[in-house]
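Student: Protein chains in written order, with my numbering: chain A, 1 to 268; chain B, 1 to 249; chain C, 1 to 579.
Treat the hints with care, since some could be wrong.
[As the list claims (entries may be wrong)] Below, simulated BS3-like cross-link-like pairs (lysine-lysine); rule was C-alpha separation at most 30 Å, straight line:
no. : chain 1 : residue 1 : chain 2 : residue 2
1   : A       : Lys75     : C       : Lys515
2   : A       : Lys267    : A       : Lys249
3   : A       : Lys243    : A       : Lys267
4   : A       : Lys149    : A       : Lys243
5   : A       : Lys149    : C       : Lys515
6   : C       : Lys197    : C       : Lys303
7   : B       : Lys76     : A       : Lys149
8   : A       : Lys171    : A       : Lys249
9   : A       : Lys22     : A       : Lys142
10  : A       : Lys84     : C       : Lys515
11  : C       : Lys443    : C       : Lys515
12  : A       : Lys171    : A       : Lys142
[To be verified] Stretch by stretch, here's where chain B covers chain A in the computed footprint (C-beta under 8 Å, at least three residues):
no. : segment
13  : 34 to 40
14  : 208 to 217
[Stated by the list, open to error] Just some of the chain C residues that point at chain B, by a computed CB distance under 8 Å:
no. : residue
15  : Leu226
16  : Phe242
17  : Gly258
18  : Glu439
19  : Asn488
20  : Phe490
21  : Thr492
22  : Ala494
Think of the hints as simulated: they come from the structure by calculation, not from any bench. Just so you know, these numbers come straight off a predicted model, no measurement behind them. All C-beta atoms in this analysis are idealised placements derived from N, C-alpha and C, irrespective of residue type, glycine included.
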Amino acid sequence: MGLALLAVIWLITFASTYFFIKHTWWLPVGASAAAAGIDRQFNVTYILMGIVFVLAQGALGLFVWQYRDRGSATKAEYSHGNAKMEVAWTVLTAILFVGLNLMGSPIWASERFQPAQASALPVEVTGMQFAWYFRYAGPDGKFGLTSPKLMDPSAGSEAAIGLDTSDPMAKDDVVTGTMVLPVNRQVDLTLRAVDVIHSFFVPNMRFKQDAVPGLAIHMHFTPTQVGDYEIACAELCGLGHYKMHGMLKVVSAEDFDKWLAAREAEKQ
Amino acid sequence: MATVTPNLAVKDPRTRDSGGGSPPSYGGGGNGDPGGTNGAFSYGDRLRRARLGLVVGLVAVVMIFVGFTSVLLVRKGSPSFDPQTNTYSRDWVPVALPWSLLVVNTVVLLVSSITMEFARRDIARQVALAPVKSIPGVSLGDETGFPWLGSTVLLGLGFLAGQFLVWRVLREHHFFVYSGPSSSIAYVLFGTHALHLAGGVIALVYAAITSLLHRPVEARRIVIDVAAWYWHFMAVLWVYIFVLLLIAR
Amino acid sequence: MATSEVVHAHAAPQGFIRQYIFSLDHKVIGLQYFFLALTAVWVGMILSLFMRIHMVWPNANLPLIGHIQPEAYLSLVTMHGTIMVFFVLTTAPQGGFGNYFLPIQIGAPDMAFPVLNMLSFWTTFIAFIVMLAAFFVTGGAPLHGWTGYPPLSAVQSAGPGEGLGADLWITSIAIFCAASLMGALNFITTTLDLRAKGMSMMRMPLTVWSWFITAILGLLAFGVLLSAGILLLMDRNLGTSFYVPLVVVNGQVMAHRGGSPLLWQHLFWFFGHPEVYIAILPGMGVASQLLSTFSRKPIFGYKAMVYAMLGIGFLGFMVWGHHMFMSGMSPYSAFAFSILTMSIGVPSAIKTFNWLGTIWRGRVRFYTPMLFAVGFVSLFVSGGLSGPFLAQPTLDIPLHDTAFVVGHFHLIMGVAAIFGIFGATYYWFPKMFGRMMNERLGKIHFWFSFIGTYSIFMPMHYLGMAGQPRRYSQFTELAYLQHLIPLNRFITYAAIITISAQLIFVLNLFWSMLKGPKASDNPWEATTLEWTTATPPPHDNFGGHTPVVHNGPYEYGVPGAARDFILQTDPAITASPAH
Numbered sequence: 001m002g003l004a005l006l007a008v009i010w011l012i013t014f015a016s017t018y019f020f021i022k023h024t025w026w027l028p029v030g031a032s033a034a035a036a037g038i039d040r041q042f043n044v045t046y047i048l049m050g051i052v053f054v055l056a057q058g059a060l061g062l063f064v065w066q067y068r069d070r071g072s073a074t075k076a077e078y079s080h081g082n083a084k085m086e087v088a089w090t091v092l093t094a095i096l097f098v099g100l101n102l103m104g105s106p107i108w109a110s111e112r113f114q115p116a117q118a119s120a121l122p123v124e125v126t127g128m129q130f131a132w133y134f135r136y137a138g139p140d141g142k143f144g145l146t147s148p149k150l151m152d153p154s155a156g157s158e159a160a161i162g163l164d165t166s167d168p169m170a171k172d173d174v175v176t177g178t179m180v181l182p183v184n185r186q187v188d189l190t191l192r193a194v195d196v197i198h199s200f201f202v203p204n205m206r207f208k209q210d211a212v213p214g215l216a217i218h219m220h221f222t223p224t225q226v227g228d229y230e231i232a233c234a235e236l237c238g239l240g241h242y243k244m245h246g247m248l249k250v251v252s253a254e255d256f257d258k259w260l261a262a263r264e265a266e267k268q
Numbered sequence: 001m002a003t004v005t006p007n008l009a010v011k012d013p014r015t016r017d018s019g020g021g022s023p024p025s026y027g028g029g030g031n032g033d034p035g036g037t038n039g040a041f042s043y044g045d046r047l048r049r050a051r052l053g054l055v056v057g058l059v060a061v062v063m064i065f066v067g068f069t070s071v072l073l074v075r076k077g078s079p080s081f082d083p084q085t086n087t088y089s090r091d092w093v094p095v096a097l098p099w100s101l102l103v104v105n106t107v108v109l110l111v112s113s114i115t116m117e118f119a120r121r122d123i124a125r126q127v128a129l130a131p132v133k134s135i136p137g138v139s140l141g142d143e144t145g146f147p148w149l150g151s152t153v154l155l156g157l158g159f160l161a162g163q164f165l166v167w168r169v170l171r172e173h174h175f176f177v178y179s180g181p182s183s184s185i186a187y188v189l190f191g192t193h194a195l196h197l198a199g200g201v202i203a204l205v206y207a208a209i210t211s212l213l214h215r216p217v218e219a220r221r222i223v224i225d226v227a228a229w230y231w232h233f234m235a236v237l238w239v240y241i242f243v244l245l246l247i248a249r
Numbered sequence: 001m002a003t004s005e006v007v008h009a010h011a012a013p014q015g016f017i018r019q020y021i022f023s024l025d026h027k028v029i030g031l032q033y034f035f036l037a038l039t040a041v042w043v044g045m046i047l048s049l050f051m052r053i054h055m056v057w058p059n060a061n062l063p064l065i066g067h068i069q070p071e072a073y074l075s076l077v078t079m080h081g082t083i084m085v086f087f088v089l090t091t092a093p094q095g096g097f098g099n100y101f102l103p104i105q106i107g108a109p110d111m112a113f114p115v116l117n118m119l120s121f122w123t124t125f126i127a128f129i130v131m132l133a134a135f136f137v138t139g140g141a142p143l144h145g146w147t148g149y150p151p152l153s154a155v156q157s158a159g160p161g162e163g164l165g166a167d168l169w170i171t172s173i174a175i176f177c178a179a180s181l182m183g184a185l186n187f188i189t190t191t192l193d194l195r196a197k198g199m200s201m202m203r204m205p206l207t208v209w210s211w212f213i214t215a216i217l218g219l220l221a222f223g224v225l226l227s228a229g230i231l232l233l234m235d236r237n238l239g240t241s242f243y244v245p246l247v248v249v250n251g252q253v254m255a256h257r258g259g260s261p262l263l264w265q266h267l268f269w270f271f272g273h274p275e276v277y278i279a280i281l282p283g284m285g286v287a288s289q290l291l292s293t294f295s296r297k298p299i300f301g302y303k304a305m306v307y308a309m310l311g312i313g314f315l316g317f318m319v320w321g322h323h324m325f326m327s328g329m330s331p332y333s334a335f336a337f338s339i340l341t342m343s344i345g346v347p348s349a350i351k352t353f354n355w356l357g358t359i360w361r362g363r364v365r366f367y368t369p370m371l372f373a374v375g376f377v378s379l380f381v382s383g384g385l386s387g388p389f390l391a392q393p394t395l396d397i398p399l400h401d402t403a404f405v406v407g408h409f410h411l412i413m414g415v416a417a418i419f420g421i422f423g424a425t426y427y428w429f430p431k432m433f434g435r436m437m438n439e440r441l442g443k444i445h446f447w448f449s450f451i452g453t454y455s456i457f458m459p460m461h462y463l464g465m466a467g468q469p470r471r472y473s474q475f476t477e478l479a480y481l482q483h484l485i486p487l488n489r490f491i492t493y494a495a496i497i498t499i500s501a502q503l504i505f506v507l508n509l510f511w512s513m514l515k516g517p518k519a520s521d522n523p524w525e526a527t528t529l530e531w532t533t534a535t536p537p538p539h540d541n542f543g544g545h546t547p548v549v550h551n552g553p554y555e556y557g558v559p560g561a562a563r564d565f566i567l568q569t570d571p572a573i574t575a576s577p578a579h
């Protein structure tokens, strides 16, 4: 029985670790400026935790077999513990865990403590049951007012977020169902939600942030690769949660300008 | 009736191991042993236990009000985004409370704490004198005392009536439970406290009934003692709610 | 009139109702909790079976319930989580085994307040009925998840099931809070005040410590949940705006203004995080007890184990924000919560090292309880080590609200804690029912469960890293999830097999209760007080006298002793080395 336990524990450990190392199922390709740092911290964490995992499970499997009762020949060692070892592994564990955390904090700080750069492109993301809408501020660089009473998703994107067309600043706002961003330019997102909590999750950008009713949350990221990236909702928002998705298209700066100009022209 | 429990013979439990080994030892009797013999508990143990239980239970009640307090403070400090102005705004309108009425209620409750304390000490004295009174031929004179317990119940009911009055005044001034967060949380604090106090009143009524049913004086003392400390706690809690609303509403 | 009257504890009751229904005997009450949890876990498992089947075959027509709609799926998710967390994990380890064995292990004849004990069980039972009622009302059970975030949970029109079903859900939880607080009161008072002579705090079995600390956590946490739930009911029904700001739901502008959805999250997780320690601490206590008993060795580092549990309990109240890194909470707070969360890994690691140290140089006996204890350690390590990923907000960005989190908490709560319950059942069954459970069936149950649960929950970490979000009823809408469906199917097959294998346990349990071989008083040759009394214990636990304790709880393999175990009531061992 001891041998069976050892075999199964070691096998499970081996299989789990194998799939981790092989990256059989892994983080999607990172396409933002923050991705490299996040992925590096992820790798450090999983290697360190992986080592602890293998050692702990290995020891467990080994001990239950090695110290099995083999009849009257075996004697258990009468010991209540070892204070020195307790102190040692307490200190080491503390250093490992806290150290790991402190290692990753500069990335968090750069992502979240600092506001967007002045040159960032402002985009407002609004989540509602069950779609994402994206608003661009237009030539005036300002977002116009919206009103809950004017919301009407059946009448198009502007009406979906309740754009108040009587507000002069709103006249040039472009609202779309697809998010288009220029590559290598930071985007200053404002996240809003209309009804319940949603979460704006773009796996390839390593970006996630809850969109909360009653708040307008500022967050930023910088896409670094041209391509199409899926957007998922990552906070339970109702029966359509699984199909509340969007698409982020990262294009060259010229393509972006052309696209935005075309959207502006449509509004005339 | 006093009883004397004899020392029971030590029983040797069957541990069906491979023989040998000394049988486990059990404690002999001995008065005042925690737990005692025959699973019996002395009155002193039960009083201490009941008080300990009350303290533990009051921690739970405190945590409920810790929750409500943090709601008041956080909700008051949380601005909300108004899309119609693209700015954050606060919607906190302090509730207008009828302070004179609340002060009257506070006085009523504090006085009830005093009467409760007299009731508590009264029955403690009765327990202490019970051995003397049980000696045939000994009398301690007039046994009818002031109805402290009854007074406390009346004052408690008076406080609750006063609270109902407070809520009526609030409604007359158009502060309903849904009229803004300040009003809401005031109702929640008042209401939860009143519910707990009503529970205290029920406990006092039960204590009064046990007296009429001639339950042993020790058992009655435990009920009244625990109810008294609970009652004092309700007074302290009320003062806390009063001050909290005074400075933070 | 009375002098100093000695009042007898309640005598053994007569009559079926007093003896089995409204019993004041902590042993009967413990069994009532146990069987309530057993019922609840089967409800919870069947809900999860339907969930797993729908996730990979969304259009399937299932027997009895037909085709599952997306909103029905979310009701399954909500009720599965709620029933498992509250009515299984907070009930069986504490209310079940704690109730039964805490008094006996400290040498007491019963809990401090037997009437309150009886009330706390029946209040839990009522809470369970109210919870189940949510399935049967118009709109059905709520779909807002066990975490119940407003505004989804606060606005009745935000989804099917968010009407009366959600009100019943909140009410049930509120009733459960009251029941738990009553139980916590009893456990704490009993542990502090009813210990037998010689049973100092540092001679208490680690199971008792775990129940004691769990009760303290419950005492401090459930009051906050209760306050949060009351306010949610008010937002839903009385027009208040604690949690709900201006929202437009289904085209309608709601009357709420200015509320804060984050306020709920703070209150809920202030309770919610200690709750998960409430779920696991008793399992840790049981694991310590079993590893020591079946390695024939004292627990390695008893004092460190006690301090570690105290540390986990204390720190457990300071880390709730790690559930909210993505919520819009201040990133500075996130940093603080993150450091505290990593620190909680330290006492957990200490316990793991000490469990390994207990087996090391022991004489391991592979009875079924020991298998589950070893399984507990393995699962605790696995589930615990995914914690440091989530504790770092940087890594929480890709991992929050994905299957990675689901894998993490299931390995710890949904498996390790359950293995604690299984281990406790197999270990204490002889004492409770006077018969032995079948060893062969026990071992088969263990292997299916151990391999099966790893097969279900380890792959979820990979799915989470690949970006699979939580609470998705199906994966048909996003292209990047398609390649994950085969692994999801594997998990579903593993779940079907593992859940079916639990029938072996139920079979073994009931068959052994009726027909199992008779057990001696101490079949495992263990040292703690429950093994010094008759099997099953008499009504007042020790047959008319109070034990006197002379030894610590884990004196196995004492050199020079006649047997390899010393009962706590045996004469004091003279050569007692430092702990």
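Student: Can the hint on Thr492/C be confirmed by a CB-to-CB distance to chain B that is less than 8 Å?
Tutor: Thr492/C check fails; min Cβ-Cβ to chain B is 40 Å, beyond 8 Å.
Student: Taken at face value, is the distance from the CA of Lys515/C to the CA of Lys75/A at most 30 Å?
Tutor: Roughly 35 Å separates the two Cα atoms, so the pair is violated.
Student: Let me know if the C-beta of Glu439/C comes in closer than 8 Å to any C-beta of chain B, holds or violated.
Tutor: Result: violated, 17 Å to nearest chain B Cβ.
Student: Is Lys76/B within 30 Å of Lys149/A, Cα to Cα?
Tutor: 26 Å, holds
Student: Are the Cα positions of Lys149/A and Lys243/A separated by 30 Å at most?
Tutor: 26 Å, holds
Student: Against chain B, is Gly258/C within 8 Å by beta-carbon distance?
Tutor: Where the cut-off is 8 Å and the nearest Cβ of chain B is about 4 Å from Gly258/C, the hint holds.
Student: Against chain B, is Leu226/C within 8 Å by beta-carbon distance?
Tutor: 6 Å, holds
Student: Within 30 Å, alpha carbon to alpha carbon, are Lys243/A and Lys267/A?
Tutor: 29 Å, holds
Student: Does Lys249/A sit within 30 Å of Lys267/A, going by the straight-line distance between their CA atoms?
Tutor: Roughly 21 Å separates the two Cα atoms, so the pair holds.
Student: Check whether the Cα positions of Lys197/C and Lys303/C lie no farther apart than 30 Å.
Tutor: Since the Cα atoms of Lys197/C and Lys303/C sit roughly 20 Å apart, the hinted pair holds (cutoff 30 Å).
Student: Taking the closest Cβ pair, is Phe490/C under 8 Å from chain B?
Tutor: Violated - the Cβ of Phe490/C stays beyond 8 Å from chain B, reaching only about 43 Å at its closest.
Student: CA of Lys443/C to CA of Lys515/C, is that 30 Å or under?
Tutor: Holds, at roughly 19 Å.
Figure legend: structure checked against the earlier numbered hints; hints not met, in rising order: 1, 5, 9, 10, 13, 18, 19, 20, 21, 22.
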